[in-house]
Every structure is written in C-alpha cells, then in structure tokens.
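For the protein sequence lines, the chains are V and Z, in the order given. Going letter by letter, the first sequence gives residues 1 to 399 in the UniProt record's numbering. Going letter by letter, the second sequence gives residues 1 to 399 in the UniProt record's numbering.
It should be emphasised that the hints constitute simulated quantities derived from the structure, not laboratory data. Do not rely on the hints blindly, as some may be mistaken.
Identical chains share a label here; the pair holds if one copy fits it or two copies do between them.
[What the hints assert, rightly or not] The calculated EDC-like cross-link candidates involving lysine to aspartate or glutamate, where the alpha carbons are at most 16 Å apart (straight line), are:
| hint | residue 1 | residue 2 |
| --- | --- | --- |
| 1 | 351 | 103 |
| 2 | 395 | 195 |
| 3 | 57 | 96 |
| 4 | 106 | 315 |
| 5 | 395 | 356 |
| 6 | 57 | 356 |
| 7 | 264 | 18 |
| 8 | 351 | 394 |
| 9 | 384 | 356 |
| 10 | 35 | 301 |
2 protein chains.
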Amino acid sequence: MNSEDFQPNEQLLLRAVELLTSPENFTSTAPLPAKLPEMGIGSMDALSAMFDDVLAKSRDLGAPGFFAHMDPPTPAITWAMHLWTASRNQNLLHPDTAPRARELEKLAVDWIAPWFGMSGGHMTPGSTVANLTAIWAARESGCRVVVSGTGAHLSIRKSAHLLGMEHRIIDDWSNTGDLMDAVAVITAGTTSTGEIEPLDAASEAHWRHIDAAWSGPLRLSERHRHLLDGIESADSIAISAHKWLFQPKESAFILFADHETAHKSISIEGAYLAVPNIGVLGSHGTIAAPLIAMLLAFGREGIASMIDNSMTLADELAALVMAHADLELRSAPNCGVLCWRHKSVSVDDIKRHLPDDVMVSSTTINGEPWLRSVAANPNANPAKVVAGVLQAAEKSRRQ
Amino acid sequence: MNSEDFQPNEQLLLRAVELLTSPENFTSTAPLPAKLPEMGIGSMDALSAMFDDVLAKSRDLGAPGFFAHMDPPTPAITWAMHLWTASRNQNLLHPDTAPRARELEKLAVDWIAPWFGMSGGHMTPGSTVANLTAIWAARESGCRVVVSGTGAHLSIRKSAHLLGMEHRIIDDWSNTGDLMDAVAVITAGTTSTGEIEPLDAASEAHWRHIDAAWSGPLRLSERHRHLLDGIESADSIAISAHKWLFQPKESAFILFADHETAHKSISIEGAYLAVPNIGVLGSHGTIAAPLIAMLLAFGREGIASMIDNSMTLADELAALVMAHADLELRSAPNCGVLCWRHKSVSVDDIKRHLPDDVMVSSTTINGEPWLRSVAANPNANPAKVVAGVLQAAEKSRRQ
C-alpha cells in the first residue's frame, strides 16, 4: 500500500462500473479468507473477490418479485454520489474538514423541512437514531415519560430504555391520561400495518414527536399529502430517507419545529471542536449529497410520481388478494403497507416455499401472523408476487 | 423518474468516474437552488450540478499540507465498494434483505476482533455510537457510574448523559475510588494529545471499556502494537474504521470480550423482525464491504506499513518543530498526535492566516491553546506544514 492507492485509479473505477453494469460477463471467485490476510492481493483482485458477496449474491430489492420490507432499490445517481463522497471522506463534525458538505446537509434540510412545517434539523443514520434524538431533546425540555401507541416502532421502546425514561403504551389516543411531562410519540405509518395514528392527538403533551420514518415522503405527493395533514403541529418529526426517498443506507432526518432550541439542548462542546457537536453522532459523512442529487435529477414531481406509483402497486396487490378465494386481506393498504395471507397455509410455510425470485415479509398483529408487503419497490409486479405465494402454498401442501 | 432510473446507467457512472479522475476538464456549474426544485433536470445534469460541492470544493484530506484532524484520505478500492453497496442497499436488520451483507459484517468482525482479544461485536457509524453501545451494555450488566480520565472523548460524557448515568472524571487512574458499580472508560489515544492511558487500570471496575477510536489500528502494526499491550483485558473496545483504517465515513467497531452476552443485553425484538435488533441502530448498511475490500487489497502488512509511515511523519514534524527557534513542541508525539505552536503568534492568528493548502487543527489543554496535527494523512509533508505555519505567523505579524 502506498500513497498512490489514495489517488483516483481510473482503471480500477472503470472496472468497478463494468462489473456493476455487465455482471453477466464475470465469473465468481473463491470465498473470502476466514482470517485477516497477512499480504494483500492488490485492488483489482480485491474488487473481483468482492463481486459475489456485494453484487452477485445480494438481494435484488428492485426485482419484480420483491414486495416485502421497507427497503427500496436506489437510483443510479445516488450510487455515483456514494462513489464521490467516499473519495472525499468529509467529516461534518468540523467546518475545516467539510466546508461544502456541511452546507449540503443544511440545504437538504432546507429542501425537506418546509414540507413538514419544521424550522430545521439534521441528518442521522436512520430513523432509530432520529427518534432517539427527538426523545432526547424532549427529555431535555422536561419530559420524563414516553407515551406511544401499540404500533410504535421498537426504536421508541429502545429510546425510552436508553434514555432512562418510563414508556407507557396506550391503546387509544383519545384516552391518554396525563401528558404534562410526556413526549407523545405518534406514528405516521406503523411498521407492521402502515397505519397513520391521529396526527392531532395528544395536543396537551409536553412534546409531540411524529415518527414518519416510513410515510413522511408522502408529504411530497400532491395526491397523498393530505394523509399527513396535521403533521406540521409536531415538535419533532423523524423521516427515513433510505426508505421512501430511495436513498442508500444509512440516511434519515430529524426535524424540529424549533431546531435552534432543540439543537442547543442536544449539543456538546469539545476542546478540539470549532463548533459544538449536535446530536447523537460525532463524526458524520456527506449523506446529504445523494439525496440532493436525486432530488435535483427528478424534482419533487418525479419523486412524488414514484411514490404514487408505489401506492398504486399496493392497491393492485390488494385487489388481486381480494379476488382470490384462497387469499385473505387484513385490510385495505395503509401508506402502501399490505397485510395478507393464505387462508389454509401458514405464513411460515409460505415463506419457506417461496420461489427464489419472490419475497414478502411477515409480521404478527394481535398474536396472528400475516404476510406483509411494503410498496418500497417501484418495480414490483403484484401479479408475480401473488403467483409466487400461491405456488409456495401448492408446494407446501404437496410436502 | 421511472423504473429505468434504478437500473445501472453505464453512461452516468462512467461520467461520474471521469469527473472524479479528470476534474481538470470540467467547469463548475451554477449554485444549487435554495428550495426543492419542482421539476428534475435529469441524472446527467444533476451529476454536473453536484461537482463543485462534492468534489471540487471539498477539503482534500490527502493533500501534502493537510496534517490536522483524525480524518484520513481513503483508498480508491473503498470508493468502488461504496458505489457497489449504494447500488444494492442491503439492510442488515433483516436476513432477507442482506443474505451476504450480514456475513460480510461478521467476517469483518472476525478479521479484527482477535487482534484485540475480543470474541466479537458489530459495526457502528462511528466510535461515538460504539462508546454509547459499550456503556449501554455496561449499564445493563449493572453499572451505574461512568468513570473516565480527563482526556476522554466528549462521547463518553454524551453517553453517560444519554444513559442517565453519573459521570465521574478522575485525574489519576491509580486513585479511582470505588469502582464496584462503575464502567471505567480508559482512552487509548486521547483526542487532544493522543495519550494512551494505562490499559491495565481500574482492574476492579465492574466493566472496563477501552476507547481506542483513534489508536486501535496500531494493534495491526508489528512495530507499534506493543503500545496497546493489555488492551485484550477489556470488556469492550471501540475502534473507528473511518480514522486510522482509512475508511469512508461512517464506520467503526464495538467489540466485546463476551459479545454474545453483551449483544443479548442490548437487543430488542420486534413483530416484523426475523432476528433481534442488536445495538443502537435499526436499519444498517453494508459498511463492512469497503473495509474487507481494502484489507484484501493490502493485507495486514500493507495497512500496518501505512500506519507506521504516518507515525514516522509525526516524528518528522516533531523534529522540525523542535529544530525551529520560533516553534514550541508540547511533547513528543503520542500515537501520531502532535501538539505544537508558534512561540509569539497565537493559535487563532496562525489558523486564520494559514495558506489555503495547509491545514492544522487546534485544541485546548489545561486552558492553553495548541496547534494539533494528527497523522491521519499518509501523504502529509511535514516540511510544507511547518513552512505554512511560519508563513502564517509572518503574515499575522505584518497585519
């Protein structure tokens, strides 16, 4: 290894593009060694050695049969940005090491926050950290209790646990009990069913946080933004960019109604820092760049149409399920999340026998297992997914 | 935006490589719009629009005059991996969405943990989260107090604050007081001065965590690994990969002596999860891939030689500072961290007048400001850095 290995190696990068765009021309290599190798094999051979694990044998989240988790495929412009940001390795912790990258993150927040009526915020490696950050700020503002609905994401429980706060789970937002010292966490698009809890609930809570990790981007859609009406009354909002904003992981937003006060309450100073360190992370990368590039490339209108298409795919899947005598729909899709199942073959058996090119996820609601399909993949083919599940049922019955 | 935008776009990716490898052929574009644009300009134009902010006007961490923060330049093989991992967007939260990526992270841990006598662990977006994770596990094992030295990173204070634990700062590891319910956080390579606190200290503590965010990779060097002798007695160790393992952000390890017990104590189950969610993050990307690729390319030996070279650069800088009558050295470099200053021009004035192509960081030790140079850049030129500081002093005096 020498200093040239840190320079742009055109041959290496062109080969990386070739393997990515024409994988069919390449034959896989031997498995990776079990221990850290003593000597290197060089960058070109290392690239080939990674082909299987990173590319060929990865899950194709954009395949027609993938209608499963909240993880989307990503547009190629975001890949180009990851190539670039990795090459520059700016650290947003220091103005010195990220003169423009800090501005880029501020710009990304400026582009997104107004759609939610928030004044600002920052980016985090996911909505778990975004939720933790919000509940931390709420605690600093005086909250002692976290109150959430039964459908809240596990990160709410995790955050309360980390922060040493009591966590009260309620069935009904119209019957919350005293919220004077509570942060009410209202979920817009629950993980299991996509349900949007009442966004105007808990108006008397000390702090109102809306976990819109999944559904937040609907706000950009003219057709669907009304689903999030009222979200602008929150004190803080978590939104994943690596879900319905089609970003590579790890990327999310925590937005605040009053971000200056909130940021001040979750900042720590350090002798080696020119500016305070805000939020959970210390060092922080240029995760805004792929988002800004994608929004530039397609505009609000382009992203919204992609989300609208995804919502339509969930409706189509629901229609196919309803139309089939052997299949059962739990309810109409919520925010592109559909829970369904086969009437006579268990969820586990279906999942076990799915064809390789079809994937659905699963969840448990009130003790009952369901298949779960989330419309994160704009290329999903509902008919293929239904056919795959029926095929799995057939295969399971024959065994 | 349509489904083709999610496919490998060879023309776009080749252009991204061209702009990265031959930036001199490109003229910068107009500033980015202040608001989210309604309509898109397409991926090719978006790429051009990002050139300035992401590439041209970023800080060059690998420039000869950059001898500043703990942020290294990154080898090109890691850029190729970021291109690939962004394209696949695997989510390690689900075995379904990361069949190989989960194995890659396990492999990265298997390659690194044995050098520290640890049984396993996982990757985090930085050592702040790694430290938080360790102190969380320590709390679950019964700790109520965090005890650290005065040089501990601010993330220790932040973690104690987040976790609702008392934080006791001590001057002297030989006089700690009762540690029966304490997690002792010993810093191997303090942020300000690079000092390694006694790694065998606090042997009676309930939990011993070593924050080796900066210095950890020295363990891979035959010449320098003795500096970390005793580290294998820790209960947990934090190591940044995006510092001295030359990884793009955000990348670090939390390693545990008994990772199975530790992971169990910091895991949360969820109805939609096939396996428990371990640690602070929820969704999690394939950050192991660039590290494994780099270690494959250069081997332990190659990385160690790069770290050894960096240590030599710090020694060279120290020698130049000592040899110059106008410059003052605080002490010999510790783990490649050097604190120094001009005898008659303030740290602030020096920093203000540095030439554009020279950068040092600064810190405050016992109330005294110092310039700080961290040997994260294997391409740094100590003579150029000293010349830049002397030039800044001259410029400052003339004003």
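Inset, instruction - Since the copies are identical, ignore which copy is meant and state whether residue 57 and residue 96 lie within 16 Å (CA to CA) inside a copy, between copies, both or neither. - result: Answer is between: at 12 Å across copies they meet the 16 Å cutoff, but 40 Å inside does not.
Inset, instruction - Can you give me the call for residue 57 and residue 356, within, between, both or neither, at a CA distance of at most 16 Å? - result: within (12 Å within a copy, 46 Å between copies)
Legend entry - residue 395 and residue 356: within-copy, between-copy, both or neither at 16 Å Cα: within (13 Å within a copy, 68 Å between copies)
Inset, instruction - Since the copies are identical, ignore which copy is meant and state whether residue 384 and residue 356 lie within 16 Å (CA to CA) inside a copy, between copies, both or neither. - result: within (12 Å within a copy, 58 Å between copies)
Inset, instruction - Up to 16 Å between alpha-carbons, please classify residue 35 paired with residue 301: within, between, both or neither. - result: Classified as between: cross-chain Cα gap 13 Å, same-chain 49 Å, threshold 16 Å.
Legend entry - Same-copy or cross-copy closeness of residue 351 to residue 103 [CA-CA at most 16 Å]: Cα proximity of residue 351 and residue 103: none, with 45 Å in one copy and 21 Å across.
Legend entry - Intra/inter-copy verdict for residue 395 and residue 195 if alpha-carbon distance must be at most 16 Å: neither (33 Å within a copy, 63 Å between copies)
Inset, instruction - First find the shortest C-alpha distance between residue 106 and residue 315 inside one copy, then the shortest across copies, and answer within, between, both or neither for a cut-off of 16 Å. - result: For residue 106 and residue 315, neither the intra-copy (36 Å) nor the inter-copy (39 Å) Cα distance is at most 16 Å.
Inset, instruction - If the cutoff is 16 Å on CA atoms, where do residue 264 and residue 18 land: within, between, both or neither? Let me know, please. - result: neither (47 Å within a copy, 42 Å between copies)
Legend entry - Up to 16 Å CA-CA - residue 394 versus residue 351, copy category: within (12 Å within a copy, 72 Å between copies)
Violated hints, listed in ascending order, are 1, 2, 4 and 7; each of the other numbered hints is respected by the structure.
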